[in-house]
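Asks: Add chain E to chain B, keeping to what the hints say.
Protein chains in written order, with my numbering: chain B, 1 to 279; chain E, 1 to 185.
Derived by calculation from the structure, the hints in this document are not laboratory data.
Honestly, I wouldn't trust all of these hints.
Below are the SDA-like pairs computed for lysine to any residue, each with C-alpha atoms no more than 25 angstroms apart in a straight line [what the hints assert, rightly or not]:
1) E:Lys7 with B:Glu49
2) B:Lys102 with E:Arg74
3) B:Lys243 with B:Tyr254
4) E:Lys110 with B:Ser233
5) B:Lys50 with E:Asn161
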Amino acid sequence: MKTIFTDDITSAVRNLCIQACTVLGNDVIQQLNFALETEESSIGRMVLEKVIQNAEIAATERIPLCQDTGMAVVFLEIGQDCHIEGDLLSNAVNEGVRQGYKDGFLRKSTLDPITRVNFGDNTPAVIHTEIVAGEKFKITLAPKGFGSENMSRVMMFPPSAGIEGAKDFIVQRVLESGGNPCPPVVVGVGLGGTFEKSALIAKKALLRPLGLQNPDPVLASLEAELLGRINSSGIGPMGLGGKTTALAVHINSYPTHIASLPVAVNIQCHSCRHAEVEL
Amino acid sequence: MSAQPRKIFAPLDSIVVNSLRAGDVALLSGIIITGRDAAHKRMVDLIEAGEPLPFQIEGEVIYYVGPTPAPPGRPIGAAGPTTSYRMDHYAPLLIEKGLKGMIGKGQRSKEVKSAMMKWGAVYFAAIGGTGALMSRCVKEAEVIAWEELGPEAVRRLVVENMPLIVATDVLGNDLYSTGPAQYRT
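In isolation and in its complexed conformation, chain B is listed as follows:
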């Protein structure tokens, strides 16, 4: 049995908020550089250059990559041999978000959906917990901006639509989003499950490092096919025309029901931010 103190969770979450919002992962920077080599549009290349330069400025000057520092989406993997001591777990996480967004000069964007009055501290976080084996305690923080979140959709297809229907829906969703979600995007797809499971696995697909192939060969080939179709659309960086509309398509699948084919598309802007730590 391992004891995890909630004060440690709070300080870890605080630090992850600041890190995720200011330091872009090397995997993302590498894919942006690959795109810069192949992009044919001069405006597209200018956009990619500025995006890469932005990441350098953000990291060195400790300024957020983007003014939309998002809603704090927190994934917790909790080993079933862990014991949590102190405050309520969700309070500890929210306190970390509160401190991180204040100390890091990050934007507070959460508000009441009816009155639209801003809460002023960017809480509450959206917390997803998963019980795993052993004594692992892992926190992943993925601040999600809403320019891209607003372009995301879930569709409950009848089985007759088949995988071809699902593919058309995914490609169409990216095309209809145009420049709104800040392309080049990362496309997270959840295939199967229930209504909410499809959305959750689509969001988790965004956490996979860019450049890492899907271990399932069927899904890997589906991802390559969809990426090809999306990048032949011409939408390009920021929707102003070009060859780089998406950096990657990541698919997670889950068994579903005889009556349905749920398909969730969670769109992520080029600032594919997440940071993680194990306690």
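Replies: Chain E in isolation, oriented as in the chain B frame:
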């Protein structure tokens, strides 16, 4: 389409507004105002009620941005553009009242483009997700209305060499349509 950036100054001269073409790359310096969802609703509510605005929009350029708080020693935090379609509902009335330029990201509606052609206004795309880079272009920032809106308050900014792309011009040319068409295969 010219790749060499053209230096332009805000408030924009009508001659400049009329001469900019979709696909032009520009570096904007001068004085602009900011406003996004909540500020747009307030502006339009006041105009429709026949009330005066607490700031002028005639001849101005508005930047759709909700910056992060300014850290010590800087005028502003990260300050990249937000998605423009959410302002489409409000923009035509503001253009009719004399707004000359808008800075944001993403394609505009038919109604906004019609108003731009009728009254003479230009729409610039800033590069989404470059909040740190855009922050460097902002030399001064001051809240001029509705401070209680926090990141959505209206600010006056002094900007220098802000990198922009003309997305939609006074003739209705739209790079969000013509750009992708050129690279579709």
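Asks: Would you mind marking each hint as holding or not holding in the structure?
Replies: Here is what the structure says about each hint:
{"no.": "1", "hint": "E:Lys7 with B:Glu49", "verdict": "holds (20 angstroms)"}
{"no.": "2", "hint": "B:Lys102 with E:Arg74", "verdict": "holds (16 angstroms)"}
{"no.": "3", "hint": "B:Lys243 with B:Tyr254", "verdict": "violated (31 angstroms)"}
{"no.": "4", "hint": "E:Lys110 with B:Ser233", "verdict": "holds (22 angstroms)"}
{"no.": "5", "hint": "B:Lys50 with E:Asn161", "verdict": "holds (14 angstroms)"}
Hint 3 from the earlier list is the only one contradicted by this structure; the remaining hints agree with it.
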